[in-house]
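Q: Just so you know, the protein sequences line up as chains G and D, in that order. With UniProt numbering applied, the first sequence covers 1 to 572. With UniProt numbering applied, the second sequence covers 1 to 572.
Honestly, the hints are just simulated from the structure, not real lab data. There could be a bad hint or two in this list.
With a Cα cut of at most 30 Å, we get these calculated BS3-like pairs of lysine-lysine [said to hold, decoys possible]: (1) D:K571 <-> G:K175; (2) D:K306 <-> G:K448; (3) D:K459 <-> G:K150; (4) D:K338 <-> D:K571; (5) D:K150 <-> G:K381; (6) D:K459 <-> G:K131; (7) G:K406 <-> D:K448; (8) D:K381 <-> G:K150; (9) G:K150 <-> D:K131; (10) D:K516 <-> D:K530; (11) D:K381 <-> G:K175; (12) D:K332 <-> G:K306; (13) G:K150 <-> G:K175; (14) G:K58 <-> G:K541; (15) D:K516 <-> D:K306; (16) D:K175 <-> G:K448; (17) G:K81 <-> G:K571; (18) G:K175 <-> D:K448; (19) D:K386 <-> D:K332; (20) G:K121 <-> D:K459; (21) D:K571 <-> G:K332; (22) G:K459 <-> D:K150; (23) G:K332 <-> D:K306; (24) G:K306 <-> D:K381; (25) D:K121 <-> G:K459; (26) D:K386 <-> G:K381; (27) G:K459 <-> D:K306; (28) D:K131 <-> G:K459; (29) G:K306 <-> D:K306; (30) D:K530 <-> G:K448.
Among the chain D residues that face chain G by a calculated CB cut under 10 Å, a handful are [stated by the list, open to error]: (31) P318; (32) L319; (33) I323; (34) R326; (35) D403; (36) N455; (37) T457.
Just a sample of chain D residues kept apart from chain G, beta carbon distances all over 12 Å, derived [what the hints assert, rightly or not]: (38) K131; (39) P324; (40) E327.
Quick reminder that beta carbons are idealized off the backbone N, C-alpha and C, glycines included.
Below, each chain spelled out in residue letters.
Number of protein chains: 2
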Amino acid sequence: MATTTTTVTTNGKKTSWEEAARAKREAILATLPREYLIPEPLPMPEEQPNVTGAFAHKYLSPREVEITETNAADIVTKTTKGEWSAVEVTKAFIHRACMAHQLLGCLHETDFANAIATAEKLDAYFAEHKKPMGMLHGLPVSLKDQCHMKGLDTTMGYVGWLGTWEGDASSPLYKTHESVIVNEMRRQGAVLYCKTAVPQTLMCGETVNNIVGWVRNPINRLVSCGGSSGGEGALVGFKGSPGGFGTDIGGSVRIPSAFNGLYGLRPSNGRLPYEGMANSMDGQNTILSVIGPIAGSVDSIRLLTKAVVDSEPWWEDPLVHEIPWREEQAEKVRSDGKLVFGVLRDDGIVRPTAPVRRGLEAVVEAVKKAGHEVVDWVPPKECDHKLLYEIANTTWGLDGGTDVFKAFGLSGEPPAPHLMVHVPETLQAEKTASEIAALNVRKRRVQKAYMDFWNSTAKTTSTGRPIDAIIAPPCPHPPAMENKFPYTFATTFVNVLDYSAVIVPSGVVVDPAVDKPDEGLTWRSDVERKAHEGFDPLIQKGAPIAVQLIGRRLQEEKMLAVAEVVDKALKA
Amino acid sequence: MATTTTTVTTNGKKTSWEEAARAKREAILATLPREYLIPEPLPMPEEQPNVTGAFAHKYLSPREVEITETNAADIVTKTTKGEWSAVEVTKAFIHRACMAHQLLGCLHETDFANAIATAEKLDAYFAEHKKPMGMLHGLPVSLKDQCHMKGLDTTMGYVGWLGTWEGDASSPLYKTHESVIVNEMRRQGAVLYCKTAVPQTLMCGETVNNIVGWVRNPINRLVSCGGSSGGEGALVGFKGSPGGFGTDIGGSVRIPSAFNGLYGLRPSNGRLPYEGMANSMDGQNTILSVIGPIAGSVDSIRLLTKAVVDSEPWWEDPLVHEIPWREEQAEKVRSDGKLVFGVLRDDGIVRPTAPVRRGLEAVVEAVKKAGHEVVDWVPPKECDHKLLYEIANTTWGLDGGTDVFKAFGLSGEPPAPHLMVHVPETLQAEKTASEIAALNVRKRRVQKAYMDFWNSTAKTTSTGRPIDAIIAPPCPHPPAMENKFPYTFATTFVNVLDYSAVIVPSGVVVDPAVDKPDEGLTWRSDVERKAHEGFDPLIQKGAPIAVQLIGRRLQEEKMLAVAEVVDKALKA
Chain G
1 MATTTTTVTT NGKKTSWEEA ARAKREAILA TLPREYLIPE PLPMPEEQPN VTGAFAHKYL
61 SPREVEITET NAADIVTKTT KGEWSAVEVT KAFIHRACMA HQLLGCLHET DFANAIATAE
121 KLDAYFAEHK KPMGMLHGLP VSLKDQCHMK GLDTTMGYVG WLGTWEGDAS SPLYKTHESV
181 IVNEMRRQGA VLYCKTAVPQ TLMCGETVNN IVGWVRNPIN RLVSCGGSSG GEGALVGFKG
241 SPGGFGTDIG GSVRIPSAFN GLYGLRPSNG RLPYEGMANS MDGQNTILSV IGPIAGSVDS
301 IRLLTKAVVD SEPWWEDPLV HEIPWREEQA EKVRSDGKLV FGVLRDDGIV RPTAPVRRGL
361 EAVVEAVKKA GHEVVDWVPP KECDHKLLYE IANTTWGLDG GTDVFKAFGL SGEPPAPHLM
421 VHVPETLQAE KTASEIAALN VRKRRVQKAY MDFWNSTAKT TSTGRPIDAI IAPPCPHPPA
481 MENKFPYTFA TTFVNVLDYS AVIVPSGVVV DPAVDKPDEG LTWRSDVERK AHEGFDPLIQ
541 KGAPIAVQLI GRRLQEEKML AVAEVVDKAL KA
Chain D
1 MATTTTTVTT NGKKTSWEEA ARAKREAILA TLPREYLIPE PLPMPEEQPN VTGAFAHKYL
61 SPREVEITET NAADIVTKTT KGEWSAVEVT KAFIHRACMA HQLLGCLHET DFANAIATAE
121 KLDAYFAEHK KPMGMLHGLP VSLKDQCHMK GLDTTMGYVG WLGTWEGDAS SPLYKTHESV
181 IVNEMRRQGA VLYCKTAVPQ TLMCGETVNN IVGWVRNPIN RLVSCGGSSG GEGALVGFKG
241 SPGGFGTDIG GSVRIPSAFN GLYGLRPSNG RLPYEGMANS MDGQNTILSV IGPIAGSVDS
301 IRLLTKAVVD SEPWWEDPLV HEIPWREEQA EKVRSDGKLV FGVLRDDGIV RPTAPVRRGL
361 EAVVEAVKKA GHEVVDWVPP KECDHKLLYE IANTTWGLDG GTDVFKAFGL SGEPPAPHLM
421 VHVPETLQAE KTASEIAALN VRKRRVQKAY MDFWNSTAKT TSTGRPIDAI IAPPCPHPPA
481 MENKFPYTFA TTFVNVLDYS AVIVPSGVVV DPAVDKPDEG LTWRSDVERK AHEGFDPLIQ
541 KGAPIAVQLI GRRLQEEKML AVAEVVDKAL KA
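With the hints as extra help, turn the sequences into a complete structure.
A: And the structure:
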């Protein structure tokens with residue numbers, strides 16, 4: 001792959017990709033109000049790994065702490081009643097977002113002046129009408145840098161996209177077009193104020209690009225914020241945003257949610273609108289990326305999801321199904337009382353590392369103690385996870401890298417070495433229509449086999465119903481050290497099946513006194529060995545461990561209710 | 001393309017494709033009970049074009065006429081109350097189906113003995129429990145020969161598939177596997193008794209293959225029954241079945257419904273289960289084929305659709321969305337009262353022929369008279385029908401013919417000349433992943449533009465709502481003469497948009513005294529010229545003209561209610 005410096009045209013001037021990236025990096029920093037910045041020199045990550053809580057509070061007023069430490073759902077109960085002003089809430093989060101970017105490098109774009117103007121309008125609206133503009137009246141919401149917003153670049157981490165519409169320098173859509181999710185957030189009264197960092201190509205469990213570099217985790221700056229919605233994870237994890245939207249084609253909402261101690265929803269295809277967003281390998285239709293919320297509590301991700309569904313996105317995105325909010329799914333979970341979980345302790349490819357096993361068992365014990373049933377989850381060979389893994393990997397390689405190499409080629413910038421799990425070193429042959437069709441058939445058959453297996457569990461559960469959810473680790477190791485994320489499949493099998501899944505923190509954090517690397521084991525594969533090499537209790541100390549709660553297709557309301565049950569059990 | 005006679009292996013014996021086809025043809029005939037057959041010699045089509053009504057009644061008892069002339073919905077009101085026995089109803093339809101096959105050649109498979117045994121069990125169940133087995137208790141239902149049923153071949157019209165599972169002679173699924181729709185029909189108490197003819201490849205608006213030949217229209221045997229669900233259309237049109245299921249990727253439910261004076265529904269993707277069915281180019285994911293009902297009244301196609309939805313197919317087919325029956329959509333149509341229709345008089349490619357225009361205007365006048373509004377439907381250039389046409393044609397050609405050539409190659413049989421609209425003469429290069437992705441993006445953008453245009457009509461309708469439905473012809477010419485069906489796009493744009501559409505007979509039939517070929521016109525394209533060459537009032541005399549009522553994605557309940565409004569207006 002070409003890594004030589006070539007010239008790119010940015011704003012009519014020819015420049016190197018390094019210079020274009022540096023200029024953008026500085027331009028982002030220049031938009032941060034000076035009064036919101038932590039005085040330099042900043043502490044080094046080794047010196048101050050955790051920058052949340054007490055460290056952050058030193059640079060905020062008590063009122064700013066109160067506001068920014070409040071969950072999205074609770075903020076909205078105040079802003080929609082006029083108890084908190086939109087302007088005050090917005091400014092508090094802008095302040096904390098600026099600190100987040102200083103410490104973690106998590107922003108691609110800011111829109112602070114427009115955000116404050118929007119907040120002022122919302123306050124004026126409330127003053128006049130004595131009612132909120134929408135469900136999210138006055139709530140700051142951050143968005144992954146795949147969303148197009150008027151007046152802002154969308155780079156998706158590509159230097160070659162700077163100053164263009166998705167690489168097209170002549171498109172009239174540049175800085176004028178808005179994604180459907182953006183429209184809907186505005187209509188619901190959200191305050192949009194920034195766009196967050198992504199890895200080049202989006203196909204990475206970390207977040208790294210040549211503009212903002214490698215984005216850090218606020219709880220432990222020695223580890224990754226996750227990816228690809230890593231800027232969201234870092235920002236929300238630092239409480240520089242009360243919640244936002246990422247996207248997920250292989251785990252990209254769930255990994256950052258898990259790594260930053262947050263809650264996240266991966267809905268099924270066709271529930272939330274992707275229309276008008278930038279993407280990698282756009283038009284690849286075998287496994288579709290979905291948009292999903294990341295926030296600090298179950299009720300906050302529910303609020304964000306419901307706000308979109310209640311906006312009736314099926315009139316704006318031709319791929320969204322007309323499925324209104326189904327509170328009855330949640331009510332059924334509550335009235336059923338006893339739930340049955342399948343626990344996935346080993347997917348047959350990678351056995352999780354010690355702290356991840358400990359997090360998983362903490363959840364299993366908590367739900368058992370709350371009166372629920374837990375059974376082992378071992379899918380049969382017709383749909384075992386190796387098959388699902390292979391289908392996902394084949395899908396990522398369908399175009400042989402054509403799309404991402406084109407994006408790199410616009411500026412001549414090199415891909416980060418972190419991407420090498422899913423991006424080939426050189427351009428490969430593309431798959432043909434027949435090969436893609438055969439893959440689609442194979443995928444459908446595995447989906448059917450998994451469905452039949454899930455149905456079959458009704459015969460063995462004490463409730464007489466199929467299991468309600470799978471409990472599984474989102475990652476075999478704790479939040480990744482730099483360039484040590486070899487394996488996304490713990491989340492990706494969910495994308496192959498198009499299931500709905502929620503991330504819930506287990507309450508367990510890495511503890512070097514308890515969590516030891518496994519010794520004397522024989523690795524079943526290179527990927528298992530690498531996953532275990534990705535665990536170092538001394539470096540990952542204090543980093544959070546989460547679980548995925550996985551439901552079937554289009555069970556978002558049910559899975560949010562299940563997540564609430566589990567969350568309460570863990571906190572009991 | 002190879003048209004030489006090669007040897008194929010059928011049931012362990014080597015034989016030519018002609019011999020294998022002849023043997024199957026005779027085997028089908030041999031399953032028809034002799035007492036149900038019309039005494040030979042049969043009248044020639046020219047002599048007796050219309051074999052429905054009085055002609056058919058000559059060979060049936062008054063009681064058989066009473067039963068078989070009753071619509072599916074009305075049959076079920078009797079069979080579910082024990083007023084009519086399942087056995088009597090089943091035998092009456094078996095009798096008439098045998099006559100249909102003699103006269104039209106519309107059956108691929110029969111399962112009469114099992115059907116009668118099923119009917120006996122249903123009657124015994126009712127006698128014991130005093131309640132029906134399901135919503136379709138005792139209703140005979142016919143199925144297109146893409147559905148797999150235990151004990152029967154599925155050939156899809158390919159000689160090379162005889163004695164195999166979709167061409168695979170060693171598959172254990174052969175004659176053992178059942179499609180999900182088959183399971184659901186059985187669970188709802190339907191009596192399955194036959195599978196109906198399709199054209200080789202399924203990509204044809206007529207129905208023709210080397211086993212049963214060219215399938216005729218019961219209302220006028222000089223014209224086609226339509227395709228690809230043409231066997232269904234012919235059988236239901238002859239009242240040899242009260243209703244059944246076809247499939248539709250480009251018009252294949254709607255064309256046979258229209259040609260045979262019937263009602264048919266093309267639902268959107270993900271509403272009814274396709275799981276476990278044979279298909280052409282299986283795994284092509286750009287435009288998905290859907291399954292839909294064909295029957296003699298709106299309430300009959302609603303009954304068949306609701307019976308499937310109420311079976312909760314989302315637990316059996318991983319591609320079906322969990323969308324229960326939404327009677328509220330229908331209630332809204334009724335309570336709205338006034339509806340607004342957009343009428344598509346010319347798609348910019350082919351202007352319809354005279355009788356089709358007359359049928360369209362009859363519908364327009366009827367709905368206006370009933371108090372509804374009709375506006376012209378002229379999509380803007382971002383989503384004009386030429387773009388949609390091109391996307392569909394590109395999709396059909398993605399694999400360059402690989403799949404269908406493979407199927408022909410199994411036996412060495414030649415494709416029928418009728419197929420040449422969509423099947424290339426020689427194998428073409430396959431499209432690559434990037435080309436397919438670009439097509440998918442183009443399709444999505446056109447879907448979005450069409451959606452935005454539809455939304456924009458709210459500004460001009462008197463109701464303040466966007467138009468409720470498009471009224472459009474399903475075909476520019478009347479039911480096709482043999483090998484004169486050059487243009488399926490009047491239906492296919494609906495598949496590109498994944499819209500829900502219902503076929504309703506206009507009440508107009510071809511009348512040589514009124515309907516004259518256009519003269520002195522300049523054809524805008526070859527396809528327009530050919531479409532007009534496909535109209536001959538003397539041959540197509542008496543053949544029915546239908547309209548499509550097209551709604552947006554996943555509006556099946558709404559569109560069935562709209563169809564009822566239009567149907568009542570036409571009959572007023």
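Q: Taking only the CA atoms, is the gap from K131 (chain D) to K459 (chain G) under or equal to 30 Å?
A: Distance ~27 Å between K131 (chain D) and K459 (chain G) Cα, so the pair holds.
Q: Next pair to validate is K306 (chain G) with K381 (chain D); report whether the Cα-Cα distance is within 30 Å.
A: violated (35 Å)
Q: Verify the proposed pairing of K332 (chain G) with K306 (chain D), using a straight-line Cα cut of 30 Å.
A: It holds: about 24 Å lies between the C-alpha atoms, which stays within 30 Å.
Q: Hint check: K338 (chain D) vs K571 (chain D), CA-CA at most 30 Å. Holds or violated?
A: holds (18 Å)
Q: Does the alpha-carbon distance linking K150 (chain D) and K381 (chain G) stay inside the 30 Å limit?
A: holds (25 Å)
Q: Run the distance test for K406 (chain G) versus K448 (chain D): straight-line Cα separation, threshold 30 Å.
A: holds (26 Å)
Q: Holds or violated: K459 (chain D) with K131 (chain G), Cα cutoff 30 Å?
A: holds (27 Å)
Q: Are all beta-carbon distances from K131 (chain D) to chain G longer than 12 Å?
A: Its Cβ never comes within 12 Å of chain G, the nearest being 23 Å, so this holds.
Q: Hint check: is the beta carbon of P318 (chain D) less than 10 Å from a beta carbon of chain G?
A: Hint holds; P318 (chain D) Cβ to chain G Cβ min 4 Å, cut 10 Å.
Q: Hey, does the R326 (chain D) contact hint survive, CB to chain G under 10 Å?
A: holds (9 Å)
Q: Is the Cα-Cα distance between K459 (chain G) and K306 (chain D) 30 Å or less?
A: holds (28 Å)
Q: Hinted pair, alpha-carbon criterion (30 Å max): K571 (chain D), K332 (chain G). Please report holds or violated.
A: violated (45 Å)
This entry does not satisfy hints 1, 9, 15, 19, 21, 24, 26, 30, 37 and 39, going by the numbered hints stated previously.
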